[in-house]
Each structure stands twice: as C-alpha cells, then as structure tokens.
Amino acid sequence: AQTVTQSQPEMSVQEAETVTLSCTYDTSESDYYLFWYKQPPSRQMILVIRQEAYKQQNATENRFSVNFQKAAKSFSLKISDSQLGDAAMYFCAYYDDYGGSQGNLIFGKGTKLSVKP
Amino acid sequence: IAGITQAPTSQILAAGRRMTLRCTQDMRHNAMYWYRQDLGLGLRLIHYSNTAGTTGKGEVPDGYSVSRANTDDFPLTLASAVPSQTSVYFCASKVPGHLPRGKLFFGSGTQLSVL
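Line by line, the protein sequences are chains A and B. With the working numbering as the guide, the letters of the first sequence map in order to residues 1 to 117. With the working numbering as the guide, the letters of the second sequence map in order to residues 118 to 232.
Don't read these hints as lab results, they were simulated from the structure. Ideal Cβ placement from N, Cα and C applies to all residues, glycine included.
Pairs of lysine-lysine, DSS-like flavour, derived with a Cα cap of 30 Å:
1. 78/A to 109/A
2. 70/A to 109/A
3. 174/B to 109/A
4. 109/A to 220/B
5. 220/B to 78/A
6. 174/B to 112/A
7. 112/A to 220/B
8. 174/B to 73/A
9. 220/B to 70/A
10. 55/A to 220/B
11. 73/A to 220/B
12. 73/A to 55/A
Covered stretches of chain A, as calculated for chain B (at least 3 residues, CB under 8 Å):
13. 45–56
14. 107–116
Please model the entire structure based on the sequences and the hints provided.
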C-alpha cells in the first residue's frame, strides 16, 4: 500500500528566510501525483502546489517550489522569503488513478511550520 | 452555496448519542470523501463515494456509516458516538475527468467533541 511520511512534526523559520519541508512516499506505480496542502489556523485546506510524476521539471508557484526526486521517492517543499502568513500545518499527499489508493489522496501526518518575526 | 458546505461547524455530543454530519456540494463532483483529522495522525479516510449510489470503506470506517442518495449530499453518521471519535471531520470532493488529477476541494470542517 502507498504510504506518505513527513519526518518533521514541527519546523521553524525566521521571516524572510527559506525553509524546506520534507516528504517521502512509497509506491510501486510509475504514474502518480503529489501535492502539498496548507492548513492555517482557520482550518481551511489550501492546495499549495502539485507535481505530476511523469514531469521531470519541478513545480513552482510563486515563493513555493518542490524538489521532486522520483528515484528517491522524495518530494520536499521549499518556501522562500517566508512570511508570517505561511505559518500553518503543511500536509504532503499522494494520489494515483490505478486503484492502489482507491482513487483517494493519502496524506502524511503533517508538519507544523512556525514563522518568527 | 459555493463549493462544499459542512454542518454543523462544531458540536459537543454525549457518548452514546447518534449524530449526522452533513456535507453538500454544488460542483457536481462525482467523488466525495470523509476524512478525520487528529493531531499527529494527519488526515485519515473514513468513507468515500465514487458516484451517487455507491460507497466504500476507507482506512478508519468503524463506527461510521455514509449514504449517497444523490450527487450533492454525502452525510456521515455516527450511530453511537464514543470519545475516540472526538476529531475534526472534513468532507471533500474531487475534480472529475482530465482536470488536475487528484485535486480535492475541502469543506471547512466540523469540530466534534464526544464527552
């Protein structure tokens, strides 16, 4: 079964600096999708960035970028120029179409990011 | 209604009581899901429905039931609540077809406390 591991329960970063959140996953599929979701204190789940496994180019969305290492099954999120509004819980998630995850997202346990002014 | 609506926003419930969490979407998404979120455990799938009239069990289905009478509604029922069901519950739906694969739309969650 597919699994998603976030090994950092908590992280802290100084405002304006860069932080990287780690995520590893396990799958036997070759075609799948990876996501980072942000959950601020409001409890809302916000999609930050997504990556298709068949694309070698790392996805970027403004200050957010990923380092996707398919062979290593690693999918880290880099937040540049951190802002106070980036403080949140971040979840890494996996999805494939082939029934291994029953078409559902599989989430990691989350990393709580604090941003210091 | 825009997106997914969950009700109630929060609820305190006595153990042993029956409770139905409501979820309604107006996006005509076929697939819908119920997750529970617990600190240190992330989001875990309770039940899902790929289309109206069908449901399936997720990772943690015990003590919960769902129905999918139509495309829009996907209620989650706790037949006899227990304290271990204290959690935040999220309903979600998925974009169909060839749109961004796997992208979920989430409701705002229901905080449930079982005493």
